[in-house]
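In order, the protein sequences belong to chains A and B.
Residue numbers for the first sequence follow the numbering used here, so the first one is 1 and each next one is one higher.
Residue numbers for the second sequence follow the numbering used here, so the first one is 1 and each next one is one higher.
Be a bit skeptical, because a hint or two may be false.
Because identical chains cannot be distinguished in the list, a pair is counted as satisfied if it fits within a single copy or across any two copies.
What the hints assert, rightly or not - With a cut-off of at most 20 Å between alpha-carbon atoms, the simulated SDA-like pairs for lysine to any residue come out as follows: (1) Lys324 / Ser298; (2) Lys285 / Ala170; (3) Lys129 / Phe385; (4) Lys296 / Ser119; (5) Lys300 / Ala71; (6) Lys129 / Glu147; (7) Lys324 / Asp108; (8) Lys104 / Ala182; (9) Lys285 / Ala246; (10) Lys136 / Arg245; (11) Lys204 / Thr429; (12) Lys204 / Gln425; (13) Lys104 / Leu41; (14) Lys204 / Gln256; (15) Lys149 / Leu203; (16) Lys372 / Asn89; (17) Lys324 / Asp161; (18) Lys296 / Thr208; (19) Lys285 / Ala182; (20) Lys136 / Asn287; (21) Lys324 / Arg141; (22) Lys204 / Leu109; (23) Lys300 / Asn417; (24) Lys285 / His340; (25) Lys104 / Pro34; (26) Lys104 / Gly206.
Since the hints were made in silico from the structure, they are not lab data.
Protein chains: 2
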Amino acid sequence: MTRSTAQKTQYPEKAGKAHILSLPTENSRNDREPHSYERWLISKLMRMVGSPPVRFKLWNGDLIEPDHQVASYTLTLADPKALYTLVANPNLAFGDLYSAGRLKLEGDLTEFMETLYRSVHTARQQWPKWLATLWKTPNPRSSGIPEAKENIHHHYDLGNDFYRLWLDQAEMQYTCAYYEDADKTLEQAQQAKLEHVCRKLRLKPGMTVVEAGCGWGGLARYMARNYGVTVHAYNISREQLDYARAEARRQGLNKQITYVEDDYRNIQGQYDAFVSIGMLEHVGKENYSALSDLIKRSLKPHGLGLLHSIGRNRPMLMNTWIEKRIFPGAYPPSIGEFMHIFEHNDLSVLDVENLRLHYAQTLTHWMENFLKRQSEVSRMYDEHFTRAWRFYLAGSAAAFRAGSLQLFQVVFSHGDNNQLPQSRQDLYTFPATLEGL
Amino acid sequence: MTRSTAQKTQYPEKAGKAHILSLPTENSRNDREPHSYERWLISKLMRMVGSPPVRFKLWNGDLIEPDHQVASYTLTLADPKALYTLVANPNLAFGDLYSAGRLKLEGDLTEFMETLYRSVHTARQQWPKWLATLWKTPNPRSSGIPEAKENIHHHYDLGNDFYRLWLDQAEMQYTCAYYEDADKTLEQAQQAKLEHVCRKLRLKPGMTVVEAGCGWGGLARYMARNYGVTVHAYNISREQLDYARAEARRQGLNKQITYVEDDYRNIQGQYDAFVSIGMLEHVGKENYSALSDLIKRSLKPHGLGLLHSIGRNRPMLMNTWIEKRIFPGAYPPSIGEFMHIFEHNDLSVLDVENLRLHYAQTLTHWMENFLKRQSEVSRMYDEHFTRAWRFYLAGSAAAFRAGSLQLFQVVFSHGDNNQLPQSRQDLYTFPATLEGL
Numbered sequence: 001m002t003r004s005t006a007q008k009t010q011y012p013e014k015a016g017k018a019h020i021l022s023l024p025t026e027n028s029r030n031d032r033e034p035h036s037y038e039r040w041l042i043s044k045l046m047r048m049v050g051s052p053p054v055r056f057k058l059w060n061g062d063l064i065e066p067d068h069q070v071a072s073y074t075l076t077l078a079d080p081k082a083l084y085t086l087v088a089n090p091n092l093a094f095g096d097l098y099s100a101g102r103l104k105l106e107g108d109l110t111e112f113m114e115t116l117y118r119s120v121h122t123a124r125q126q127w128p129k130w131l132a133t134l135w136k137t138p139n140p141r142s143s144g145i146p147e148a149k150e151n152i153h154h155h156y157d158l159g160n161d162f163y164r165l166w167l168d169q170a171e172m173q174y175t176c177a178y179y180e181d182a183d184k185t186l187e188q189a190q191q192a193k194l195e196h197v198c199r200k201l202r203l204k205p206g207m208t209v210v211e212a213g214c215g216w217g218g219l220a221r222y223m224a225r226n227y228g229v230t231v232h233a234y235n236i237s238r239e240q241l242d243y244a245r246a247e248a249r250r251q252g253l254n255k256q257i258t259y260v261e262d263d264y265r266n267i268q269g270q271y272d273a274f275v276s277i278g279m280l281e282h283v284g285k286e287n288y289s290a291l292s293d294l295i296k297r298s299l300k301p302h303g304l305g306l307l308h309s310i311g312r313n314r315p316m317l318m319n320t321w322i323e324k325r326i327f328p329g330a331y332p333p334s335i336g337e338f339m340h341i342f343e344h345n346d347l348s349v350l351d352v353e354n355l356r357l358h359y360a361q362t363l364t365h366w367m368e369n370f371l372k373r374q375s376e377v378s379r380m381y382d383e384h385f386t387r388a389w390r391f392y393l394a395g396s397a398a399a400f401r402a403g404s405l406q407l408f409q410v411v412f413s414h415g416d417n418n419q420l421p422q423s424r425q426d427l428y429t430f431p432a433t434l435e436g437l
Numbered sequence: 001m002t003r004s005t006a007q008k009t010q011y012p013e014k015a016g017k018a019h020i021l022s023l024p025t026e027n028s029r030n031d032r033e034p035h036s037y038e039r040w041l042i043s044k045l046m047r048m049v050g051s052p053p054v055r056f057k058l059w060n061g062d063l064i065e066p067d068h069q070v071a072s073y074t075l076t077l078a079d080p081k082a083l084y085t086l087v088a089n090p091n092l093a094f095g096d097l098y099s100a101g102r103l104k105l106e107g108d109l110t111e112f113m114e115t116l117y118r119s120v121h122t123a124r125q126q127w128p129k130w131l132a133t134l135w136k137t138p139n140p141r142s143s144g145i146p147e148a149k150e151n152i153h154h155h156y157d158l159g160n161d162f163y164r165l166w167l168d169q170a171e172m173q174y175t176c177a178y179y180e181d182a183d184k185t186l187e188q189a190q191q192a193k194l195e196h197v198c199r200k201l202r203l204k205p206g207m208t209v210v211e212a213g214c215g216w217g218g219l220a221r222y223m224a225r226n227y228g229v230t231v232h233a234y235n236i237s238r239e240q241l242d243y244a245r246a247e248a249r250r251q252g253l254n255k256q257i258t259y260v261e262d263d264y265r266n267i268q269g270q271y272d273a274f275v276s277i278g279m280l281e282h283v284g285k286e287n288y289s290a291l292s293d294l295i296k297r298s299l300k301p302h303g304l305g306l307l308h309s310i311g312r313n314r315p316m317l318m319n320t321w322i323e324k325r326i327f328p329g330a331y332p333p334s335i336g337e338f339m340h341i342f343e344h345n346d347l348s349v350l351d352v353e354n355l356r357l358h359y360a361q362t363l364t365h366w367m368e369n370f371l372k373r374q375s376e377v378s379r380m381y382d383e384h385f386t387r388a389w390r391f392y393l394a395g396s397a398a399a400f401r402a403g404s405l406q407l408f409q410v411v412f413s414h415g416d417n418n419q420l421p422q423s424r425q426d427l428y429t430f431p432a433t434l435e436g437l
């Protein structure tokens, strides 16, 4: 982007999508007067996203106040092209421009994003067809075995040092925590999540467990250590597995745990429990029947399974920016789509718990940690990366708070298994949060 | 059926469905020798239903033993026509013949039915297409407003005196109870169910509740009495409502409860809680979107709702005999179909609990009561009615035990409601079963 040339851009009489995308050129000056149609475009954009309480500050310092309300947030556009990019494809451009520092926000980012999600949620019902088409969310990328590897490396192999900066210190869990009470810390809530999952699976010493997508292996170690089970834990992220194996050796658990570097689709054997925490988002709808077949054959007749996944209240594609920049191939299923995994093989859903607001709180705690360590992140990567991750964490917390994302924990069994827990009382006999954490 | 004429029936060379249905005529003798093709038909029938350990005793006393196993049950066929009726449409005929006393069982009826369900479940995968067509389950009858009235009268207006004989004495609840421990009585478990539902709805004094399909009104009275809420409870069964209103007056609760004689689709107003126990089975899939719209408009922004319904692990039509003879229009949804109600209006599923084995136990307790009082039932109706109800109760207990039926309790809220319970701990702080019951 250069400020040196003063080429003035004329708004064409018949502005098609191609024109909007190409206007103005890289050569336009970033301190020039905004055109009247640019002001019109901003007010139109604001109406299309449901008129949130946002003031725009343009590249030359001009302010555009929202209609009929006081602004709670100020968005600063660094250059004219940022405006056109934003209007053409806000789902993708907002994150990109924020990451590039060409769109800045005054006000709390998470709160702003929640306000925006809620207002778009209502406003989109009224969108004309051309706008719905222009702003359409693309399908997620494929999650075949080679693509899955690529997709997972993109995100999870960023480096253990990076994730260690802001995840819980005990087990580096990059999934929703379980806050028994609202005032629990991240460390407590992540440990309580492990305990809650073990209780839901009714683990007993000597049982065998298979885990699909084990991250840094914390759940497997918790189960082995506290429940005396043996675990086969699958993952395709090499760097996570190196860490997981080293930790298991350090804790003397390597006889009980086998960390397997392989795709979950290659799971072998039969187990008393099948568990998968935060992998289903990456599986892709087209693979749900195969996942169901896998569960059917890997779970012993009286075994229990648990799937923990981000989900939706209804079918909806992943946010464009997150899918393109952060989580390639991600698709959180609707609750109905999720159920296909069970219906496909007559598996019986025993218990569903929605932990939506727990994920919002988890993300808020991650964000607090991230903000404390962001200068280190910038040294490891750069400012652009830091801003992108800040935007991702805030946007995700906002999506859970606005009700656009859910977190479902589903417990299931084979359809003909009558050795089931009598009730769920046993999950709540003692606090899941350990003393002294 | 007459035993006087000795007309001999020849099995036609090309036996089509029409021939089977018309053979033999009413005039055939019931003590005649069975034909060899009748023996063949029985062994074929047994193989088609998965070779359960069943011996057949024919009308003349002949025994047909099962292949390669010892029989645990003996089925006695009273006449040749019973055999042909059974073979042509076993789903419907088994119950009809049992009710008519033309098919008798030695052995426990519930256990026999469970064995049969499990063996058919596996065997039906191998059925040739013509057989699957012949034994096809028909679609349920319509549940439009006039038909719903007719369907409900068919079953629920049998008479309060009848249901009082074998349901719990406290509230006459004709839905699944909640057994905190396996050794609880029916009275305890039905009271605990009411308590469990109230806890799931997080009722507080002064709240307003709307109930769709209130039966004899026990839940409404429990809520008003123990939680200090006001309830609008809808039902289209006049006889149930007369009882419900009299009870509410007797207990001094008539200021807190309005029992409305109307279809649930005519619910008016907005409430803190929406609850429906055992009505969804009668709603019909084609009405789920309308039910969803109704919930959307009747639930206040921070309200919680609960739907309690028989369901399935995958889409499947209701047992033919039950739909035709006991519950016209009944259709228990699969868990995925159930979720459509929520997805249709961005409602958020917070908690699903499957109480399948609790319903098996409830039915076992109902059956015990029914057997003690069946001479009274026969005096009120007749032997045919008594046998039909015995078959229905046993068959239903068996279907829950075999995993063919489920019982789902689903708690939900509006998608954008953030005033949600922190966890489910509060459901389990104290036993749901009251002391002294």
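To see whether the hints hold, each was checked on the structure:
no.: 1; hint: Lys324 / Ser298; verdict: neither (33 Å within a copy, 40 Å between copies)
no.: 2; hint: Lys285 / Ala170; verdict: neither (33 Å within a copy, 48 Å between copies)
no.: 3; hint: Lys129 / Phe385; verdict: neither (35 Å within a copy, 60 Å between copies)
no.: 4; hint: Lys296 / Ser119; verdict: between (42 Å within a copy, 19 Å between copies)
no.: 5; hint: Lys300 / Ala71; verdict: neither (58 Å within a copy, 29 Å between copies)
no.: 6; hint: Lys129 / Glu147; verdict: neither (33 Å within a copy, 40 Å between copies)
no.: 7; hint: Lys324 / Asp108; verdict: neither (24 Å within a copy, 61 Å between copies)
no.: 8; hint: Lys104 / Ala182; verdict: neither (31 Å within a copy, 61 Å between copies)
no.: 9; hint: Lys285 / Ala246; verdict: neither (34 Å within a copy, 53 Å between copies)
no.: 10; hint: Lys136 / Arg245; verdict: neither (43 Å within a copy, 55 Å between copies)
no.: 11; hint: Lys204 / Thr429; verdict: within (16 Å within a copy, 24 Å between copies)
no.: 12; hint: Lys204 / Gln425; verdict: within (17 Å within a copy, 22 Å between copies)
no.: 13; hint: Lys104 / Leu41; verdict: within (19 Å within a copy, 80 Å between copies)
no.: 14; hint: Lys204 / Gln256; verdict: within (14 Å within a copy, 48 Å between copies)
no.: 15; hint: Lys149 / Leu203; verdict: neither (31 Å within a copy, 48 Å between copies)
no.: 16; hint: Lys372 / Asn89; verdict: neither (32 Å within a copy, 72 Å between copies)
no.: 17; hint: Lys324 / Asp161; verdict: neither (23 Å within a copy, 66 Å between copies)
no.: 18; hint: Lys296 / Thr208; verdict: within (16 Å within a copy, 44 Å between copies)
no.: 19; hint: Lys285 / Ala182; verdict: neither (33 Å within a copy, 39 Å between copies)
no.: 20; hint: Lys136 / Asn287; verdict: neither (24 Å within a copy, 31 Å between copies)
no.: 21; hint: Lys324 / Arg141; verdict: within (9 Å within a copy, 49 Å between copies)
no.: 22; hint: Lys204 / Leu109; verdict: neither (44 Å within a copy, 36 Å between copies)
no.: 23; hint: Lys300 / Asn417; verdict: within (10 Å within a copy, 39 Å between copies)
no.: 24; hint: Lys285 / His340; verdict: both (9 Å within a copy, 17 Å between copies)
no.: 25; hint: Lys104 / Pro34; verdict: within (18 Å within a copy, 90 Å between copies)
no.: 26; hint: Lys104 / Gly206; verdict: neither (55 Å within a copy, 47 Å between copies)
Consistency note: the structure conflicts with the earlier hints numbered 1, 2, 3, 5, 6, 7, 8, 9, 10, 15, 16, 17, 19, 20, 22 and 26.
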